[in-house]
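**Student:** As a plain string of letters, each chain reads:
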Amino acid sequence: MAKRVLVKGNEAVAMGAIAAGCRYYFGYPITPQNEIPEYMSAHLPEVGGVFLQAESEIASINMLLGAAATGARVMTSSSSPGISLKQEGISYLCGSEIPGVIVNMSRSGPGLGGIHPSQGDYFQATRGGGHGDYRTLVLAPSTAQENYDLTMLAFDLADKYRNPVMILGDALLGGIKEPVKLTPYKKQPPAKDWALTGCEGRGQRILKSLYLSEGELTKQNWKLWKKYQAMAKEVRYELYRAEDAKLILVAFGSVGRILKTTVDILRDKGRQVGLLRPVTLYPFPAKAVREAAVRCGRLMVLELNTGQMVEDVRLAADCQAPVDFYGRPPGSIPTPDELAMEVDKVWRKTAGKGGAK
Amino acid sequence: MTRSANPMYFDTIIAGFGGQGVMLMGNMLAYAAMEAGKQVTYMPVYGVEMRGGTANCTVVISDRPVGSPIVHEPMCAVVLNRPSAERFGPRVRKNGLLLVNASLIAKDQVSTRAKRVYHVPSLELATEAGNPRLGNMVMLGALAQLSGLLTVEQVVKSLPKALDTRYHKLIPANSAALRLGARFVSPGS
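Line by line, the protein sequences are chains S and A. Quick note: the first sequence uses the working numbering, first residue 1, plus one each step. Quick note: the second sequence uses the working numbering, first residue 1, plus one each step.
Treat the hints as calculated values from the structure; they're not laboratory data. In this text, all values refer to a predicted model and were calculated from it rather than measured experimentally. You may find that some hints are simply not true.
Claimed, not checked - List time: in silico PhoX-like cross-link candidates among lysine-lysine, alpha-carbon distance up to 25 Å:
#1 Lys-187(S) with Lys-3(S)
#2 Lys-161(A) with Lys-3(S)
#3 Lys-107(A) with Lys-94(A)
#4 Lys-160(S) with Lys-226(S)
#5 Lys-233(S) with Lys-223(S)
#6 Lys-269(S) with Lys-94(A)
#7 Lys-181(S) with Lys-169(A)
#8 Lys-269(S) with Lys-345(S)
#9 Lys-3(S) with Lys-157(A)
#10 Lys-233(S) with Lys-219(S)
#11 Lys-181(S) with Lys-94(A)
#12 Lys-287(S) with Lys-227(S)
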């Protein structure tokens, strides 16, 4: 059995990255994710890798672009305001089809905001975030173990699609300590026949995002579109006590895990509630949400923002069920009992009226 | 699994001034729980101060994966200073447990609905263990003993892993403080 270690969520991300073969890290400090660069600075040199604290977030994302263009597995991490600064580079990564892993242990905003947990970056993460018509794959862990596992997965997906992958956590998931099973990485990273490795003895390779010839950019955008369509098969989500539920809650990340306790509290009171927790935010588990809407007849979205993912849930539910919403801005973390009260309000409004069609 | 129906579920909030060793207590409890094969989550909450500010952490221990790392009404609270006693004392569940640092908090300063309240003279016991700064270990020993989840010896065993190597020379005194705390709240002592 793999060893269990007690580590901070941020450290689990860094451990997963090194295990998956990440050998280059570029970043710039910001709370609440500093244990990631701290861990990388201590442990990357041990495996022959390079840790570099750049002069800014913009520099670090562009260093990631440069290193990843040579075929290496590369990561950067930051938190909300720093991630905003990286958006230009993320757009270039997508345009040039260069893989990389970007971690956002998000904090509260807008602006400098504060260091509290928040889910206010959902739109930014799932809609691309920078300029141009592109998408990044977005993974939303909810435990330290998932921080480790999904970071490994992020590197595989990035290489598979030649696209940046974002890990969207928050201050809570970066700061908690939990046992993490250090499952070894056993895959062989794919050969990269596009990487810039020096062209002696072979043809030239070009990575670029500037397409000026007639029709060239249109063609490139359709190519990217096809890729984003293909990503749909990467959908991942978790169902919790949802089989017989008459009200299904939808939440991701830290709120998603807090709600498991909320579901338990409400089940104790005889309320048939369950949970659907999207693990991939892009691609969004739209089919699973629609099935839940049809099967159970009532959904409720809960977020640590004033309403972002709820738009995707309403689109996915496709009017098959009413979708209630509870959101709150950053400042405090909702307790499972507080959330139970909010869910119970919806339950009492609709109890007996919902149920399977 | 529901909290009430779960045969093995325990949560606690540990609170005090920054510098009193609240985070180390939570870390060691979490570490000992992990070594005992449990699921556990440790969540720190602190201000920007290294010392002097208030700090607290929540530890949730269970046989099953931990849902919420945050708890409003804990089964147990350990309060090391008066502001923490005022904030967390009243929140402890009625059938819960409150451990009070009697060296800094008078009995009449504690308001709680918890049925089991222990006033532990942490400073005096720590001094007896050889170092007056080990009050947190006294309280942790008492907590382990009363939790019914772990033995104080399991916590003692976690010391080498939880403490930075530069503090390993202090392990004997820390062990003594843990055991004195446990003994203080043991029945018949």
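**Student:** Against this structure, judge whether each hint is valid.
**Tutor:** Do the hints match the structure? See the list:
no.: 1; hint: Lys-187(S) with Lys-3(S); in the structure: 19 Å, holds
no.: 2; hint: Lys-161(A) with Lys-3(S); in the structure: 14 Å, holds
no.: 3; hint: Lys-107(A) with Lys-94(A); in the structure: 18 Å, holds
no.: 4; hint: Lys-160(S) with Lys-226(S); in the structure: 14 Å, holds
no.: 5; hint: Lys-233(S) with Lys-223(S); in the structure: 17 Å, holds
no.: 6; hint: Lys-269(S) with Lys-94(A); in the structure: 19 Å, holds
no.: 7; hint: Lys-181(S) with Lys-169(A); in the structure: 30 Å, violated
no.: 8; hint: Lys-269(S) with Lys-345(S); in the structure: 13 Å, holds
no.: 9; hint: Lys-3(S) with Lys-157(A); in the structure: 18 Å, holds
no.: 10; hint: Lys-233(S) with Lys-219(S); in the structure: 23 Å, holds
no.: 11; hint: Lys-181(S) with Lys-94(A); in the structure: 36 Å, violated
no.: 12; hint: Lys-287(S) with Lys-227(S); in the structure: 19 Å, holds
Comparing the model with each earlier hint shows violations of hints 7 and 11; every other hint is respected.
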